[in-house]
Amino acid sequence: MILVIAEQRDGVLHQASWEAVVAAQRTTQAVQVLVAGSGVMSVAEDLATADIDSVLMIDHPLLEAYTPDGFIEAISQVVRSMSPDAVFLAHTYQSREFAPRLAARFQQTLVTDCVATKQVGDRLVFVRPMFQGKFVADVAPVALSPCFASFQIGAFRQDAVVRGSDSAAIYPQEVVIQDDMIRQEVEPPFQEAKQAVDLSQAERIVAVGRGIKSKDHIELVERLAAALGAEVAASRPICDSGWLPMDRQIGSSGQTVSPKLYLALGISGAIQHLVGMKGSRTIVAVNKDPDAPIFEVADFGIVGDLFEVVPAIISALSE
Amino acid sequence: MKIAVCVKQVVTRDWPLRINDSHTWVDDRDASFEMNEPDAYALEEALRLKEQHGGEVVVCSAGPPRVNQVIREALARGADRAIHVEAESLASADGAMVAEALAAPMEEEQFDLVLTGLQSDDQGFAQTGVVLAEFLSIPHATIIMEVQVGAGRVRVKRELEGGWFQWVSMSTPALLTIQSGINQLRYATLKGIMAAKKKEVRLVEPPAELARRQEILMLSVPERTKEIRLFDGAPAEAAGKLVQALKDDARVI
Ligand SMILES: Cc1cc2nc3c(=O)[nH]c(=O)nc-3n(C[C@H](O)[C@H](O)[C@H](O)COP(=O)(O)OP(=O)(O)OC[C@H]3O[C@@H](n4cnc5c(N)ncnc54)[C@H](O)[C@@H]3O)c2cc1C
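Which chain is which? The protein sequence lines are A and B, in order. Per the working numbering: the first sequence = residues 1 to 319. Per the working numbering: the second sequence = residues 1001 to 1253.
Just so you know, these hints were derived from the structure itself, not from any lab. Where hints are given, some of them may not hold.
What the hints assert, rightly or not - Calculated pairs, DSS-like style, for lysine-lysine (alpha carbon to alpha carbon, straight line, at most 25 Å):
1) 118(A) / 1157(B)
2) 1226(B) / 134(A)
3) 1226(B) / 260(A)
4) 1002(B) / 1241(B)
5) 1002(B) / 288(A)
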């Protein structure tokens, strides 16, 4: 049996949880889904629409706010009593925080950021990127069950979830947790000062990455953007270095955009960047490394030095 | 405050990597190496906390002898001493194995704060720090963008998805995994490099029963699933063809 751990905040299901359900449904095993929190009946009911054996629900006042200690303690009790063959999660910020430690409680290891599974003999094997997406690896935990795996956001389509003909049964789970087991004290989530630029409305975007080498060269990118009537955006390291403001960052910790044209200059194409732009209609990549992962999502590409290619594009546009 | 920083040595970002003959790892025999980027930010954060609150910064690394390079670099930037858990088998170890290798010597030290990078640039399992917190039985928080230290407590700013954040407090000792961009990095000075030569690096053997937790069965180059049109030729020619295609085929300009 595969136990999928769904994620919710304030009674709202994280959409990537459906993708983990799809990953589980694609195997030959039976599937159960676990949701933990406080007041999560409606999330459980939502999950029960999937074609799965049952939904397990941990509803406990101490789990109202997510804390790693609280969630690891509660979930490990249910994993222990159910003894699944595998535990699946979405590779979200939250699972990054608690799932490796949950797996360690079972002397196990979490295979993170998986994009597919394979059945090899009696072993479940996981496919995951390595070296920032340059390579892909088939990985298997050494110890057998339960194995723990988290799936990259977008690796499976949410709408591929198979729905059941009737609702799956929901089983409330008893767990024993006390106040003093939870060492983290959390404050409510917040956003930094309102974003000045809303890139989601831009029709064309020229995005720049670390290939630009220095702040002085940003001006070259701005000239190209002006010639295309495009907004300037960037990968995270450019904003981290203060070469462009934070509100120009595209990706999982920045904005999500889907313009008509997305031109990526000197961006390698790490998954955290791709999630923010892969819905763009036409993607162009300029990169000197022919193996850069950005070329996997691009429609058009030039393998070359951006310091030669960008001025050439600017002059071709003025012709 | 006694602060530990875990650093990993990884192949330099721009190194043209090739897969080894057995398809289980990369051929890194002549590669150049550097400090894993998020770990460099963790080190910088530790140095800043020491400057504010006093104490000591101890670099901890698990890996083969070549790892000494990044240890020396960390010492040159200002760390006080180092612990190197040394074994050839740690060269391509998974995160849980590294955490296990580091746990025993780090436990003895009774650190107040342990900082690690949030993930490594090579395997990217994003769990060495989290699993280490479990081995050390201390609370943890991940993807941290600011650290405030009080008496017996830390208050940290955790990055959430899509531009959201959250403050979390916990008692020390605690472990934090640090996100790139939390601060601006400093570089080693000549004086720092000279001073590093005299600093202590304690070599430790890994536990006898240490073994891999995850096995890489096969490493390969990802298959391209999407059609891509590559424009070649001299820059002017390639750029001309691209602009044409954007006008006539994609109709986006
Ligand atoms: C939790 C988390 C959240 C993250 N959130 C985001 C996010 O929201 N957005 C984001 O972008 N990243 C994010 N990242 C970081 C991400 O993993 C990558 O590190 C980052 O996207 C890399 O940026 P880059 O492509 O500019 O740099 P690199 O990966 O360093 O790539 C630079 C590229 O430039 C090319 N290049 C170099 N010189 C030239 C030249 N002269 N001409 C042409 N090409 C050249 C190189 O071949 C290389 O491909 C996040 C990471 C984590 C762990």
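Cross-check of the supplied hints:
no.: 1; hint: 118(A) / 1157(B); result: violated, 38 Å
no.: 2; hint: 1226(B) / 134(A); result: holds, 16 Å
no.: 3; hint: 1226(B) / 260(A); result: holds, 17 Å
no.: 4; hint: 1002(B) / 1241(B); result: violated, 59 Å
no.: 5; hint: 1002(B) / 288(A); result: violated, 44 Å
Comparing the model with each numbered hint stated earlier shows that hints 1, 4, 5 do not hold.
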